[in-house]
Amino acid sequence: MTTSLPMLHDRVLTWFAAHRRDLPWRGRDGERPDPWAVMVSEFMLQQTPVSRVLPVFETWMERWPTPADLAAASSGDAIRAWGRLGYPRRAQRLHAAAGAIASEHGGQVPDDYATLRELPGVGDYTAAAIASFAYGRHHVVLDTNVRRVFTRVIAGEQYPAKAVTAAERTLAADLLPDDDADLWAAATMELGALVCTARAPHCEACPVTDLCAWRAAGYPEGEQRPTGQAWAGTDRQVRGRLMAVLRDAPGPVHKTTLDLVWDEAGQRDRCLASLLDDGLAVLVEDDLFALPGH
DNA sequence: AACACGTGGTA
DNA sequence: TTACCAAGTGT
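Just so we're aligned: 341 in the working numbering is position 127 of the first sequence, and the numbers increase by one with no gaps anywhere.
Bear in mind the hints are in silico, worked out from the structure with no lab data behind them. There is no bait here: all hints are sound.
Pair ranges (Cβ atoms, derived):
{"no.": "1", "residue 1": "P334", "residue 2": "T470", "range": "32 to 38 Å"}
{"no.": "2", "residue 1": "D388", "residue 2": "G244", "range": "26 to 32 Å"}
{"no.": "3", "residue 1": "D326", "residue 2": "G244", "range": "20 to 26 Å"}
{"no.": "4", "residue 1": "R246", "residue 2": "G337", "range": "21 to 27 Å"}
{"no.": "5", "residue 1": "T448", "residue 2": "A375", "range": "22 to 28 Å"}
{"no.": "6", "residue 1": "D491", "residue 2": "S218", "range": "50 to 56 Å"}
{"no.": "7", "residue 1": "D501", "residue 2": "L237", "range": "43 to 49 Å"}
{"no.": "8", "residue 1": "L237", "residue 2": "R331", "range": "22 to 28 Å"}
{"no.": "9", "residue 1": "G337", "residue 2": "R298", "range": "19 to 25 Å"}
Backbone N, C-alpha and C define an ideal beta-carbon position, used for all residues, glycine too.
Please put together the full structure from these sequences, using the hints given.
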């Protein structure tokens with residue numbers, strides 16, 4: 215390796231000390247944050263920008279300050295409070311995870327990766343993030359920001375592979391410092407989020423430009439990513455519209471109201487059926503639908 | 001391993 | 001305006 219690891223670490227950590235955002239789920243002045251706050255934020259931040267999470271997080275934590283508080287509510291209340299963050303199944307899974315924490319873990323967010331990983335909605339990233347940020351555990355935390363930073367600085371490429379590779383994981387483990395791994399995780403994520411961004415990176419503000427392999431190679435452009443599925447007309451769009459109606463209604467909604475969100479009956483009915491199947495909506499009585507009451 | 005899963009901001 | 005992108009997970 216040509217890059218000096220201590221130098222890379224020092225640069226990133228020094229930069230983080232100066233530019234770290236004071237986000238509400240982060241602990242104040244060196245203290246550990248509330249693990250529940252960390253967990254709620256991690257669920258909300260899955261595929262969702264910080265700016266959109268902020269207001270929902272605040273009201274959520276006021277309403278449900280502990281896992282037991284959320285567990286005592288209905289999943290429908292959680293889905294409604296989730297608002298327009300997207301992927302309402304995350305709200306459903308967070309509610310289910312809170313129930314498991316209340317009933318099986320004494321109301322305390324588990325402090326180890328393996329136990330966290332068993333909770334619904336907690337995958338590799340989220341388990342590592344909660345264990346690291348809430349409890350100071352030593353884990354590789356590989357999110358889209360960290361992957362992009364390492365891919366550029368070390369591998370010299372613009373974008374990481376679509377899925378995490380074994381080589382990537384090995385590299386991240388090699389870079390993980392023995393001490394303060396949680397601080398390293400937060401710092402590399404923050405660098406990716408604020409400086410080494412996907413679209414137009416702020417290389418002039420980057421603490422490791424002189425160590426960056428992508429820069430040294432002249433910023434070669436990565437391969438064009440295959441165009442994803444178009445949005446218009448997808449089941450996701452239809453499901454989103456149906457959920458918006460159910461969320462915004464104070465009580466059960468008649469099917470004739472849901473029918474207004476989409477004119478093609480086949481797709482509309484199929485999507486409503488899938489929402490029932492997913493447990494994101496329930497049939498209250500004939501032709502009356504609502505968010506789940508439990 | 002590829003695909004489904006919401007939503008809104010930005011270039 | 002279309003397309004990309006945002007602290008991923010489950011199947």
